[in-house]
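S.K.: Line order of the protein sequences matches chains A and B. For the first sequence, position 64 (counting from the first letter as 1) is numbered 64 according to my numbering, and the numbering increases by one without interruption. If you want my numbering, it's the 1-based position in the second sequence plus 255.
One or more of the hints may lead you astray.
DEER-style ranges, computed between Cβ atoms [to be verified]:
| hint | chain 1 | residue 1 | chain 2 | residue 2 | range |
| --- | --- | --- | --- | --- | --- |
| 1 | A | A136 | B | D376 | 45 to 53 Å |
| 2 | A | L3 | B | T258 | 48 to 56 Å |
| 3 | A | M59 | B | N267 | 32 to 40 Å |
| 4 | B | N379 | A | I196 | 31 to 39 Å |
| 5 | A | I124 | B | G283 | 38 to 46 Å |
| 6 | B | I381 | A | A136 | 54 to 62 Å |
| 7 | B | N379 | A | L112 | 29 to 37 Å |
| 8 | A | I124 | B | I381 | 24 to 32 Å |
| 9 | A | V28 | B | E366 | 52 to 60 Å |
| 10 | A | V32 | B | D376 | 43 to 51 Å |
| 11 | B | Q281 | A | L235 | 53 to 61 Å |
| 12 | A | V192 | B | N379 | 42 to 50 Å |
| 13 | A | W20 | B | S359 | 27 to 35 Å |
Where chain A lies over chain B, by a calculated footprint (3+ residues, C-beta under 8 Å) [as the list claims (entries may be wrong)]:
| hint | region |
| --- | --- |
| 14 | 270-284 |
| 15 | 367-374 |
| 16 | 413-424 |
No lab work stands behind these hints: they were computed from the structure. Only a predicted model underlies this, so the values are computations on that prediction, with no experimental measurement involved. Even glycine gets a Cβ: it sits at the ideal position worked out from N, Cα and C.
Next come the chains, spelled out residue by residue.
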Amino acid sequence: MLLKLLYIEHKKTKRSFAFWLTIFGSMVIPMVVCLVMLVKPAPFVPFADANPWKRLLIMNFASVSSFLFPMYVIYLIGLLGNIEYKSSNWKKLFVLPIRKELLISSKLLYVLIHIFAAIILFGINTLLFGMIAGLAHPELKLLDFSPQFDLMIWLVYHLFLSVLGIIGLQFILSIFFENILITLAIGLFLMVGSLIAAGLKWEYIEFVPYASPNRFAAAAGTVKEWITKPEWTNLVVFGLSFAFSLFFFKRKTVK
Amino acid sequence: MITIKNLSFGYNSKEEIIHDVSLHVQPGTIYGFLGPNGSGKTTIIRLILNLLKHKAGKIYIDGTEVNINSVEIFRRIGSMIESPSLYNHLSGRANLEIFALYYSIDKKRIEEVLEIAGLTDAANKIVKRYSLGMKQRLGIAICLLHDPDLLILDEPLNGLDPHGIAEIRHLLIKLCKEEGKTIFVSSHLLSEIESTCDFIGIISKGKLLFQGKIDDLKNAQAGKMIYSIEPSNLDLATAQMNGLTFSTFDNKITVEVESKEEIAQVIKSLVTNGVDLYSVQRKENNLEDLFLELTK
């Protein structure tokens, strides 16, 4: 049943703006970095026998994770949640012979899968555009080394964990507010506030989910633990958000 | 099929907008739920469908009480509230496919409901390019997808042109008479659905004012005669209408009397008081007037 509901969510998203945002959004930074390497390859020429893929992967992941990627997550969840409001479909979904808990769980799970797929796509695009740059400029040595898939998977995993708290909180906002602008405005406000707090080195910053991607950016490629302290916070926030979503959704009425 | 007992509801504890409504919809019939805009029709439909939680009273669908845990009962209901719920960025067929998946229905049924709704040719068109009538028909097609016993349609004729209204009316009659569906349909215009319904319920300001057959409504008003009088002096004429129910419009008086003798008395009184009469005309009992009279 859950698989079927996930497929339905995928069908709803097909051809929507959210779908194209993920496809093209995951290309932007790898493409820009590729263009820079094509135009000015010198700063990217690796020292001695260093693997250039490590530097490229870390650079790309770090450059999107502090602001662009979390904003994509906020926008995407707003769009996905808004699909039902925009089509006035909550009143139709609530009269289906399907338990509300299952409906909301499938929606949240679809958001998780979509975002995870977006990060993987970003990683793949980093490798593909890196190869294009390597083809044009052999001195970059990108074709002399095999791409570091293990590092890519490690970065994908930690970037995903770093936005888990934001996913949970934004998901609640997206089902609570009909107006997508409110969801986006709150998300943006919390993002900017968290970045300022991080800049000021606030002592409790590791408990702020919206600052977590920024900490990932700062430590990308150096993290050794499976789950860092801010990621634990994200897991707890996500769990609580999920529980609240179930509670709220069960009692949601359609006026 | 639907039984409502002493239903009351308000969005907050201080204000009640539905007052002690009881109604009954028999299986295999079309029940027209009528009332002016804002009378509480959509609220009652939302309460029936459990989209709002009622404060007092009971709602039963085919003997099963509707409450927060109702899930299975919805397998037997198809509903469309106000505007149809559609994913505008997808085609008509894709919209149907989504709901076919929700109800675990064979894709073959999609073609059948497209045919019933007359949308076969437009099935692959994006919904945002549909006309209002096509959207309404697609909404009804979605309702029919899982072959429900009960259809609850809120203002399905809203915004349709006369051709579209006739099409939907014809479809409702066909579904009821040929497929045995029970249909609960709301409207703010009696004339729109009077020829379609077996029973009607009239609601105004959250209170059910009448429930029964249309003929019963006519009979309830029988015995009363309505005349239209065109006098030479409206003010002088209305001054002679003591104790009578009347209204004025466009220099004419519409007056309600119990018998022919009473209208003769009215005419005599007007003439003796110096009012010339240009015309006196008997009006037939008009259902729309009765409806307006009841709900004003």
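S.K.: Next step is simple, just say for each hint if it's right about the structure.
M.R.: Here's how the hints hold up against the structure:
1. A:A136 with B:D376: 45 to 53 Å: 51 Å, holds
2. A:L3 with B:T258: 48 to 56 Å: About 38 Å separates the Cβ atoms of L3 (chain A) and T258 (chain B), which means 48 to 56 Å is violated.
3. A:M59 with B:N267: 32 to 40 Å: Check failed, 56 Å falls outside 32 to 40 Å.
4. B:N379 with A:I196: 31 to 39 Å: Violated, at about 51 Å.
5. A:I124 with B:G283: 38 to 46 Å: Roughly 59 Å apart at Cβ, these two residues miss the hinted range, so it is violated.
6. B:I381 with A:A136: 54 to 62 Å: 41 Å, violated
7. B:N379 with A:L112: 29 to 37 Å: 32 Å, holds
8. A:I124 with B:I381: 24 to 32 Å: Holds, at about 31 Å.
9. A:V28 with B:E366: 52 to 60 Å: 42 Å, violated
10. A:V32 with B:D376: 43 to 51 Å: At roughly 46 Å between Cβ atoms, D376 (chain B) and V32 (chain A) fall inside 43 to 51 Å, so the hint holds.
11. B:Q281 with A:L235: 53 to 61 Å: 55 Å Cβ-Cβ, so the 53 to 61 Å window holds.
12. A:V192 with B:N379: 42 to 50 Å: 44 Å, holds
13. A:W20 with B:S359: 27 to 35 Å: Given a distance of about 30 Å, which is inside 27 to 35 Å, the answer is holds.
14. 270-284: It is violated, with 0 qualifying residues against the three required.
15. 367-374: violated (count 0)
16. 413-424: violated (count 0)
Hints 2, 3, 4, 5, 6, 9, 14, 15 and 16 from the earlier list are contradicted by this structure; the remaining hints agree with it.
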